[in-house]
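S.K.: Following the hints, put chains E, S, F, Z and Y in place on chain G, whose structure we already have.
Chains as they are written, first to last, in the numbering used here: chain G, 1 to 112; chain E, 1 to 112; chain S, 1 to 112; chain F, 1 to 112; chain Z, 1 to 112; chain Y, 1 to 112.
Derived by calculation from the structure, the hints in this document are not laboratory data.
Among the hints, a few may not be true.
Since copy identity is lost for identical chains, a pair holds within one copy or between any two.
Simulated pairs of lysine-lysine, DSBU-like, Cα-Cα distance not exceeding 30 Å [said to hold, decoys possible]:
| # | residue 1 | residue 2 |
| --- | --- | --- |
| 1 | Lys4 | Lys45 |
| 2 | Lys22 | Lys46 |
| 3 | Lys22 | Lys4 |
| 4 | Lys28 | Lys4 |
| 5 | Lys45 | Lys28 |
| 6 | Lys46 | Lys4 |
| 7 | Lys28 | Lys46 |
These numbers come from a predicted model, not from an experiment.
Now for the letters of each chain:
6 protein chains.
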Amino acid sequence: MPDKIDAFNEFRTDMNESILAKGTRETKRFFNLDGAVYREGALSKKTKELLGLTASMVLRCNDCITYHILECHERGVTPEEFSEAFDVSLIVGGSIVIPHVRHARSILNELS
Amino acid sequence: MPDKIDAFNEFRTDMNESILAKGTRETKRFFNLDGAVYREGALSKKTKELLGLTASMVLRCNDCITYHILECHERGVTPEEFSEAFDVSLIVGGSIVIPHVRHARSILNELS
Amino acid sequence: MPDKIDAFNEFRTDMNESILAKGTRETKRFFNLDGAVYREGALSKKTKELLGLTASMVLRCNDCITYHILECHERGVTPEEFSEAFDVSLIVGGSIVIPHVRHARSILNELS
Amino acid sequence: MPDKIDAFNEFRTDMNESILAKGTRETKRFFNLDGAVYREGALSKKTKELLGLTASMVLRCNDCITYHILECHERGVTPEEFSEAFDVSLIVGGSIVIPHVRHARSILNELS
Amino acid sequence: MPDKIDAFNEFRTDMNESILAKGTRETKRFFNLDGAVYREGALSKKTKELLGLTASMVLRCNDCITYHILECHERGVTPEEFSEAFDVSLIVGGSIVIPHVRHARSILNELS
Amino acid sequence: MPDKIDAFNEFRTDMNESILAKGTRETKRFFNLDGAVYREGALSKKTKELLGLTASMVLRCNDCITYHILECHERGVTPEEFSEAFDVSLIVGGSIVIPHVRHARSILNELS
Numbered sequence: 001m002p003d004k005i006d007a008f009n010e011f012r013t014d015m016n017e018s019i020l021a022k023g024t025r026e027t028k029r030f031f032n033l034d035g036a037v038y039r040e041g042a043l044s045k046k047t048k049e050l051l052g053l054t055a056s057m058v059l060r061c062n063d064c065i066t067y068h069i070l071e072c073h074e075r076g077v078t079p080e081e082f083s084e085a086f087d088v089s090l091i092v093g094g095s096i097v098i099p100h101v102r103h104a105r106s107i108l109n110e111l112s
Numbered sequence: 001m002p003d004k005i006d007a008f009n010e011f012r013t014d015m016n017e018s019i020l021a022k023g024t025r026e027t028k029r030f031f032n033l034d035g036a037v038y039r040e041g042a043l044s045k046k047t048k049e050l051l052g053l054t055a056s057m058v059l060r061c062n063d064c065i066t067y068h069i070l071e072c073h074e075r076g077v078t079p080e081e082f083s084e085a086f087d088v089s090l091i092v093g094g095s096i097v098i099p100h101v102r103h104a105r106s107i108l109n110e111l112s
Numbered sequence: 001m002p003d004k005i006d007a008f009n010e011f012r013t014d015m016n017e018s019i020l021a022k023g024t025r026e027t028k029r030f031f032n033l034d035g036a037v038y039r040e041g042a043l044s045k046k047t048k049e050l051l052g053l054t055a056s057m058v059l060r061c062n063d064c065i066t067y068h069i070l071e072c073h074e075r076g077v078t079p080e081e082f083s084e085a086f087d088v089s090l091i092v093g094g095s096i097v098i099p100h101v102r103h104a105r106s107i108l109n110e111l112s
Numbered sequence: 001m002p003d004k005i006d007a008f009n010e011f012r013t014d015m016n017e018s019i020l021a022k023g024t025r026e027t028k029r030f031f032n033l034d035g036a037v038y039r040e041g042a043l044s045k046k047t048k049e050l051l052g053l054t055a056s057m058v059l060r061c062n063d064c065i066t067y068h069i070l071e072c073h074e075r076g077v078t079p080e081e082f083s084e085a086f087d088v089s090l091i092v093g094g095s096i097v098i099p100h101v102r103h104a105r106s107i108l109n110e111l112s
Numbered sequence: 001m002p003d004k005i006d007a008f009n010e011f012r013t014d015m016n017e018s019i020l021a022k023g024t025r026e027t028k029r030f031f032n033l034d035g036a037v038y039r040e041g042a043l044s045k046k047t048k049e050l051l052g053l054t055a056s057m058v059l060r061c062n063d064c065i066t067y068h069i070l071e072c073h074e075r076g077v078t079p080e081e082f083s084e085a086f087d088v089s090l091i092v093g094g095s096i097v098i099p100h101v102r103h104a105r106s107i108l109n110e111l112s
Numbered sequence: 001m002p003d004k005i006d007a008f009n010e011f012r013t014d015m016n017e018s019i020l021a022k023g024t025r026e027t028k029r030f031f032n033l034d035g036a037v038y039r040e041g042a043l044s045k046k047t048k049e050l051l052g053l054t055a056s057m058v059l060r061c062n063d064c065i066t067y068h069i070l071e072c073h074e075r076g077v078t079p080e081e082f083s084e085a086f087d088v089s090l091i092v093g094g095s096i097v098i099p100h101v102r103h104a105r106s107i108l109n110e111l112s
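Same shape as in the complex, but just chain G (with noise of 0.2 Å):
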């Protein structure tokens, strides 16, 4: 019952159609870039998703956090690459993340 999923793609789909159309050229400037700076390069992809992910987590985002699991499982992250990536950010961010850590989790069962 991926219900968590589901209902973030949904208004994800919505809002960002609504911010283009409605935003200035400079947003979708900004949204371009957005995607631009995940494109496999120097770094692969899955790794920059991965940097994208701990970044999410420390800033405690839960919808951006969601996006990136999302990215990274299609990117062939595995369940042990996974944990050692949320061992990092409950390290660098502390206690505060592990609400996160429990969304990050509950996304991942969704997943499975």
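M.R.: Frame of chain G, contents of chains E, S, F, Z and Y only:
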């Protein structure tokens, strides 16, 4: 169907009442001061509400965003002005602010 | 009708179990250490829970606030002491903390 | 004896050059976009710089504060307007912002 | 050779004077309120200063840490109590707090 | 003239010694755990250090950035990989991260 705004306003009113009823003299002083700094002065109330909105977006607080959007809306902030304030928030605060631009956009959509 | 507390406790228990089952040895060490620092010592457990509550409020994490309010309540923190701890959080963290004082107040209201 | 401003400008110019020389195409796009969002539009450049200043104060970044104070000063922000923008920053961000109001004040003192 | 404390106190005194001289009525009210919330009440002044110290550590503000360590020291906080408050800050805020524990330790070393 | 790195290393070594000498058993456990999470595992030590670097950049801690750049450098992170990790940090964390990219660049310049 403006349910986000209604839900926010109801919880806010109830809890602020409870906070002030059970709080100390200092709690009341803080709430009074929070009202006072947004009053018309050398900067217009409209500009101050835009400052409050941008601060709320980069600090990523949806409730505060809802509040300042309602205040900005009442002071005649136009759709174009909202979009440009969101752009400043996005560039200063980064993609971690995107979920809060989505929230802001959903509040603006409810208002229109 | 203590639904916020019940919902929090249920999700927390389920997910912590899942985190520890799937996590690494380091994950467990972090969770153990997180328990250990709040034990009675030179500072009382009650004082340490108040430190944890204030830290959670200025870092603006509702789940952490719920947890530490329950712990403080169990250690006999009085309504007056809660109010004064909220005042310190408000002045240090600013009006961006107000929505979290609302949350804290709603948890205290559920408890009484 | 404007040493803080000079030191800031020198390090900023040197390092931005180094960042752009060694960075990727995306790095350049980010810096260009960062310039573009502050241009005159539906909101005046002066208002946008005040938004940038307030965002920098609540996010507590002294270098960003220095930069936006210089930009605001060039656009004719008055002493009274600066003081009111600092008040909004203080109430939103709390006493943790005070050291940055001190920094902002020291920059304004250097300018006058 | 207590140079960090002296430098902090001198800049703080000078700038606070400048802030209050050039600020608005609301600026003064904020500073007064900031003093008032730490007064002896249901919680002791010592406990409140420990709350302020922990909040400053997890929000990672060295100037605020210096200030609250001096206040805690004056209220008789013992070395063991300081260490335990640092532990709570570390576990809540994570390794990103370590540089601020270093700063706190250097201030305590200057004091002894 | 690698003065930033030397100054960082000297203060870090001195204060860590002081922290561990005067800290509790929990302080030591935290520092040990902080070392353990970066060890080679399902993710390579190099990848974990890049996670630590990105987390430090979006959380805007110069000392942590210096530390992880030195670790990344030792694990053979290339100039191109550094630039792409900075891009992810910039887009996630926004322009408020720019002063920390400047710091990171100045550390890399000292190293070369």
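S.K.: Against each hint, give a clear statement of whether it holds in the structure.
M.R.: Tested hints:
Taking the shortest alpha-carbon separations for lysine 4 and lysine 45, only the intra-copy value of 25 Å comes in at or below 30 Å, while the best inter-copy value is 32 Å. With identical chains, the CA atoms of lysine 22 and lysine 46 are at most 30 Å apart between copies only, with a shortest distance of 21 Å across copies and 32 Å within one. Taking CA atoms no more than 30 Å apart as the test, lysine 22 paired with lysine 4 passes in both settings, with 27 Å inside one copy and 20 Å between copies. Taking the shortest alpha-carbon separations for lysine 28 and lysine 4, both the intra-copy value of 27 Å and the inter-copy value of 26 Å come in at or below 30 Å.
In this assembly of identical chains, lysine 45 and lysine 28 lie within 30 Å of each other by CA distance both inside one copy and across copies; the values are 22 Å within and 20 Å between. Taking the shortest alpha-carbon separations for lysine 46 and lysine 4, only the intra-copy value of 23 Å comes in at or below 30 Å, while the best inter-copy value is 33 Å. When the C-alpha separation of lysine 28 and lysine 46 is checked against a cutoff of 30 Å, the pair qualifies both within a copy, at 25 Å, and between copies, at 23 Å.
Violated hints: none; the structure is consistent with every hint.
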